[in-house]
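**Student:** Below, each chain spelled out in residue letters.
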Amino acid sequence: METEQYFFSGILLFLIGAATALIPSRKIKTTAYLFPFLGALSFLIFGLYLSFRAPVQFASIPVSSVFQFSFRGDALSGFFVIVISLLTLAVSIYSIGFTREFKYAGFMGLLYNILVLSLYAVVLSADAFTFLISWETMAISSYFLVTFERNDKSARAGLFYAMMTHIGTAFIIVLFFILYRATGRMDFEGMKAGMANLSPELKSVIFICSVIGFGTKAGIIPLHTWIPRAYRVVPSNIAALMSGLMVKMGVYGIIRICMDVVGQGPEWWGIALIAVGAVSALLGILYALIENDMKLFLAYSSVENIGIILLGVGAAMLFKSNGLYALSSIALAAALFHVVNHALFKGVLFLGAGSVINSLRTRTMEEMGGLAKTMPFTSVFFLVGSLAICALPPFNGFVSEWLTYQALLLGYQAPSVTAKIVSPLGGAALALTGAIAAAGFVKAFGISFLGMPRSTQAREAREASPTMIAGMALLAVLCLVFGVFPRAALTILQPAVFSVTGASAMLIHQGVLVIPQTSAALSPVAMLITMIVLFLAALVFIRIVGGKRKTVYADSWDCGIPGLTPRMQYTATAFTKPLRLIYKRIYLPSRDIKVSYLIKPFFVKSIRYGGEITPFFERYVYEPVTRFVHTLASRVKLLQSGSLQLYLGYILLTLIVLLIFGT
Amino acid sequence: MDYFQFLIIIFFSPLVNGVIKKLKANMQGRKGPGVLQPYYDLLRLFKKDMVVSKVTSWVFKATPYIVFVSTIAAAAIVPVITVRSGYGVMGDVIALIYIFALARFFMALAGLDAGTGFGGEGSSREMTVAILVEPMMMLALFTAAISAGSTNITGILSAQNVVYSPSHLLALAAFIVAIIAETGRVPVDNPDTHLELTMIHEGMILEYSGKYLALMEWAHYIKQMVLFTLAVDIFFPAGIARDFAASGLLLSLVVYGAKMLGMAILMAAVESTRAKVRFFRLPSILGGAFVLAFLSLVTHIMMGK
Numbered sequence: 001m002e003t004e005q006y007f008f009s010g011i012l013l014f015l016i017g018a019a020t021a022l023i024p025s026r027k028i029k030t031t032a033y034l035f036p037f038l039g040a041l042s043f044l045i046f047g048l049y050l051s052f053r054a055p056v057q058f059a060s061i062p063v064s065s066v067f068q069f070s071f072r073g074d075a076l077s078g079f080f081v082i083v084i085s086l087l088t089l090a091v092s093i094y095s096i097g098f099t100r101e102f103k104y105a106g107f108m109g110l111l112y113n114i115l116v117l118s119l120y121a122v123v124l125s126a127d128a129f130t131f132l133i134s135w136e137t138m139a140i141s142s143y144f145l146v147t148f149e150r151n152d153k154s155a156r157a158g159l160f161y162a163m164m165t166h167i168g169t170a171f172i173i174v175l176f177f178i179l180y181r182a183t184g185r186m187d188f189e190g191m192k193a194g195m196a197n198l199s200p201e202l203k204s205v206i207f208i209c210s211v212i213g214f215g216t217k218a219g220i221i222p223l224h225t226w227i228p229r230a231y232r233v234v235p236s237n238i239a240a241l242m243s244g245l246m247v248k249m250g251v252y253g254i255i256r257i258c259m260d261v262v263g264q265g266p267e268w269w270g271i272a273l274i275a276v277g278a279v280s281a282l283l284g285i286l287y288a289l290i291e292n293d294m295k296l297f298l299a300y301s302s303v304e305n306i307g308i309i310l311l312g313v314g315a316a317m318l319f320k321s322n323g324l325y326a327l328s329s330i331a332l333a334a335a336l337f338h339v340v341n342h343a344l345f346k347g348v349l350f351l352g353a354g355s356v357i358n359s360l361r362t363r364t365m366e367e368m369g370g371l372a373k374t375m376p377f378t379s380v381f382f383l384v385g386s387l388a389i390c391a392l393p394p395f396n397g398f399v400s401e402w403l404t405y406q407a408l409l410l411g412y413q414a415p416s417v418t419a420k421i422v423s424p425l426g427g428a429a430l431a432l433t434g435a436i437a438a439a440g441f442v443k444a445f446g447i448s449f450l451g452m453p454r455s456t457q458a459r460e461a462r463e464a465s466p467t468m469i470a471g472m473a474l475l476a477v478l479c480l481v482f483g484v485f486p487r488a489a490l491t492i493l494q495p496a497v498f499s500v501t502g503a504s505a506m507l508i509h510q511g512v513l514v515i516p517q518t519s520a521a522l523s524p525v526a527m528l529i530t531m532i533v534l535f536l537a538a539l540v541f542i543r544i545v546g547g548k549r550k551t552v553y554a555d556s557w558d559c560g561i562p563g564l565t566p567r568m569q570y571t572a573t574a575f576t577k578p579l580r581l582i583y584k585r586i587y588l589p590s591r592d593i594k595v596s597y598l599i600k601p602f603f604v605k606s607i608r609y610g611g612e613i614t615p616f617f618e619r620y621v622y623e624p625v626t627r628f629v630h631t632l633a634s635r636v637k638l639l640q641s642g643s644l645q646l647y648l649g650y651i652l653l654t655l656i657v658l659l660i661f662g663t
Numbered sequence: 001m002d003y004f005q006f007l008i009i010i011f012f013s014p015l016v017n018g019v020i021k022k023l024k025a026n027m028q029g030r031k032g033p034g035v036l037q038p039y040y041d042l043l044r045l046f047k048k049d050m051v052v053s054k055v056t057s058w059v060f061k062a063t064p065y066i067v068f069v070s071t072i073a074a075a076a077i078v079p080v081i082t083v084r085s086g087y088g089v090m091g092d093v094i095a096l097i098y099i100f101a102l103a104r105f106f107m108a109l110a111g112l113d114a115g116t117g118f119g120g121e122g123s124s125r126e127m128t129v130a131i132l133v134e135p136m137m138m139l140a141l142f143t144a145a146i147s148a149g150s151t152n153i154t155g156i157l158s159a160q161n162v163v164y165s166p167s168h169l170l171a172l173a174a175f176i177v178a179i180i181a182e183t184g185r186v187p188v189d190n191p192d193t194h195l196e197l198t199m200i201h202e203g204m205i206l207e208y209s210g211k212y213l214a215l216m217e218w219a220h221y222i223k224q225m226v227l228f229t230l231a232v233d234i235f236f237p238a239g240i241a242r243d244f245a246a247s248g249l250l251l252s253l254v255v256y257g258a259k260m261l262g263m264a265i266l267m268a269a270v271e272s273t274r275a276k277v278r279f280f281r282l283p284s285i286l287g288g289a290f291v292l293a294f295l296s297l298v299t300h301i302m303m304g305k
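Protein sequence lines correspond, in order, to chains U and H.
Counting from 1, one number per residue, gives the positions in the first sequence under my numbering.
Counting from 1, one number per residue, gives the positions in the second sequence under my numbering.
Just chain U, with the same shape it has in the complex (with noise of 0.2 Å):
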């Protein structure tokens, strides 16, 4: 009784939230984060409820005969419930002040509330016409905040964007229409009770289905393409909720539907995984390597991350598949680790990024530059993300890394060949992924904070307020507490893999991470507290043998010429420069040099430079489907002439030819 309390007190007070956005005062906009902030505390302990207690059904809402909307919760919902309300906290207290001076801020408080909101309605429904309703809600909602800034591009992008994402419902709505034909359910437990009546082809129509349509929102690749365009308009802590939490509900459909409702496939299910994540992660931080702009950075290394998770996913999948429970569920758990860690760090960065953005009024990384000095905490805050990102120890992307490549590697216990060496090229892949981030964010963090200032703008760049660091100051903590203690990040994720996989992994021992069979062991507490010690005693060191020296400061090297001007930095398209051109094969760049002369060939007056790589997948996959798709449309378009006469003698010949065939 009392778990489910919290439940409901959630929602009401995000629909309060949503409520006060409404209402026309300047003044009042605080309480729109203020309510989804407790709300999302009420949630974060339902959220522990799930997690440790027995799953919880609520009483179902019948609408028909056939649909009710009905939500249950159980150990893998409550992981999601925990890691939503997590994010939600931080991009609460952030949006405080980083909404302040929107045009349409109460629109977006509104929003803002029922976004999270279905985010919760999604993980927490019970059948497949709750599901589908929650799922809407967020694709409409997010839709909004999408066009939110309501000019061309933003537009675009919207339609893009709402395109794309009913082509994963439609998608889901096959495979859940195949799932009710065969079991006569709606409500998932009956579907997974009946799932005796598939067989395996159909089972595997519902696997390609949930990828496809469930990889839409996730952004595997190809089916990326919204993302980019998305990010780039959408208001940057909404950001931060799209990359952090909504592109999870699509690796929450993939584990819900494939690993729990349908149990378990045959193995290629799992190396197709692998491949997909892996091609994802690869793809995905090259084409965000070369970007300049931040947010579009940002955008492409979460399909990364996806991919990451993805791999982790796939891993559990070929373990389950071959019987292997125990090692399914240290792959699941590495993913499902990944999955908080992203949500974290991906926030931060998003957060550190709007920061950014809202003060210098760009996006570009070109225009930023010295922003260490300017914004020393938003910087301090994003320099944590990258870090954690970029799976360096002590923080959590590298604990949840770690994991995979584990899961990866213990591929090799697989019986079939194919899995032993396609999981081994998933963690090669993951590396390789790895050193490509790590350039990436040091591309990021480098080129816009530090150095000199590469625009007035940057020059006169304000620290954010004091709600927006407090935001980003919780996540950054949250990064560095899980990299620490993996510990608190397992344990409450530890029943949501023993709920799909049937067995725990015990990867504890004794206080340090252990792979069970294998002597592997981490200990990032140890490593921390080892590295300060050394820290401590190194100025001792340095102090007794070099003594005490004083510190000049003056200008940087500049060959003898004086002089250095912010435009003789490196710039963040020269940074990428040698990759550009190792990776031609993927990126085709291509560039075009316009000179024009005083007097030619001597006098040049003016030369443009311009540079862009070929955007493979839209030039080559979307554009020849979206002109097949016009072409159809202009054929089709002949039936519509707009003449009455016309559509009653269409009527006049369909009645005919029923008439023929119908007796």
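Keep in mind that a hint or two might mislead.
What the hints assert, rightly or not - Below 25 Å or equal to it, Euclidean Cα-Cα: the simulated PhoX-like pairs (lysine-lysine) are:
#1 K605/U to K594/U
#2 K48/H to K550/U
#3 K276/H to K22/H
#4 K577/U to K276/H
#5 K584/U to K594/U
#6 K259/H to K31/H
#7 K47/H to K550/U
#8 K550/U to K373/U
#9 K103/U to K153/U
#10 K550/U to K54/H
#11 K22/H to K259/H
#12 K373/U to K61/H
#13 K47/H to K548/U
#14 K276/H to K584/U
#15 K373/U to K54/H
#16 K594/U to K577/U
#17 K548/U to K61/H
#18 K548/U to K54/H
#19 K48/H to K548/U
#20 K47/H to K61/H
#21 K61/H to K48/H
#22 K31/H to K276/H
#23 K550/U to K61/H
What the hints contain is simulated information worked out from the structure, not anything from laboratory work.
With the hints as your guide, set chain H onto chain U.
**Tutor:** Just chain H now, kept in the frame of chain U:
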């Protein structure tokens, strides 16, 4: 003893570098500085005042400490003369690579912090080389880890005594190339030059002076010796002490010294006989080594050894 063996790496790493330099000079027909020269250099640098660029932020000042401390932490993980390191619980080979990645991340940031062209160029190239080297190193280690059934260095080291299978030979070849690239040696980088257009590592640390430079240099020596030690641990563990008997430890120390000398000779020979290649030719060299590492993994899985 297993708690203090990392001190061997910390205090002898400048010597290893001095030996390499001396050997290189001799192979090239020069006399060269004494093998203790790196110690004198470090001492001199520690006693100097520092010049720091006005443009830099706190990242520039924190970097030498982060690089130095994380490199020592990496040194603490690897077993040197006994089969188990006292700090082995901190992490495994994967952790080791990521600790190095942490150091590299900050070094590259520091390169960008002073706002000069050289620093940016060094950072950009360093990260590019890392992208080519890190996966190859990881794959080579995967082969060793899969054949030993563990990523724990002690686990790998106890699994066999000498290189005994084709897959290990291939992995070793890839790993040697990785060491050459990671320690900034010819043909990837030139450790002896400050010629602007060719430098990678030196470019990044160009703005450093005094004790900061000493820390960066020392960390570089330590990293080099850690990688040498890791190579011999994984591929030639024969002779390492399996208990703490004094005689065994002494023997192990002698064997270890011999192995380090062997690595030093190899490095000096490679550097003296190869020419530095153009930066954009690196992908073909390192890509070739990647193929070796990949083949080693496939060979291991297909042949089972």
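**Student:** So if I understand the rule, the pair passes when the alpha-carbon distance is 25 Å or less; does K548/U with K54/H pass?
**Tutor:** holds, 21 Å
**Student:** Within a Cα-Cα threshold of 25 Å, do K48/H and K550/U meet the stated pairing?
**Tutor:** holds, 8 Å
**Student:** Is K550/U close enough to K373/U, meaning Cα to Cα at most 25 Å?
**Tutor:** Within the cut-off at roughly 22 Å; holds.
**Student:** Does K550/U lie within 25 Å of K47/H when you go C-alpha to C-alpha?
**Tutor:** holds, 10 Å
**Student:** Check the hint pairing K47/H with K548/U against an upper bound of 25 Å on the C-alpha distance.
**Tutor:** holds, 8 Å
**Student:** Quickly compare the C-alpha distance for K550/U and K61/H to 25 Å and report which way the hint goes.
**Tutor:** holds, 14 Å
**Student:** Would you mind confirming whether the straight-line C-alpha gap from K373/U to K54/H stays at or under 25 Å?
**Tutor:** Satisfied, since the Cα-Cα distance of roughly 11 Å is no more than 25 Å.
**Student:** Keeping to a limit of 25 Å between CA atoms, is the pair of K259/H and K31/H held or broken?
**Tutor:** holds, 24 Å
**Student:** Keeping to a limit of 25 Å between CA atoms, is the pair of K594/U and K577/U held or broken?
**Tutor:** The given pair, whose Cα atoms are some 20 Å apart, holds under the 25 Å limit.
**Student:** Does K548/U lie within 25 Å of K48/H when you go C-alpha to C-alpha?
**Tutor:** holds, 10 Å
**Student:** Are the Cα atoms of K276/H and K22/H separated by 25 Å or less?
**Tutor:** holds, 19 Å
**Student:** Quick one, are K22/H and K259/H close enough, alpha carbons at most 25 Å?
**Tutor:** holds, 17 Å
Checked against the numbered hints above, the structure violates none of them.
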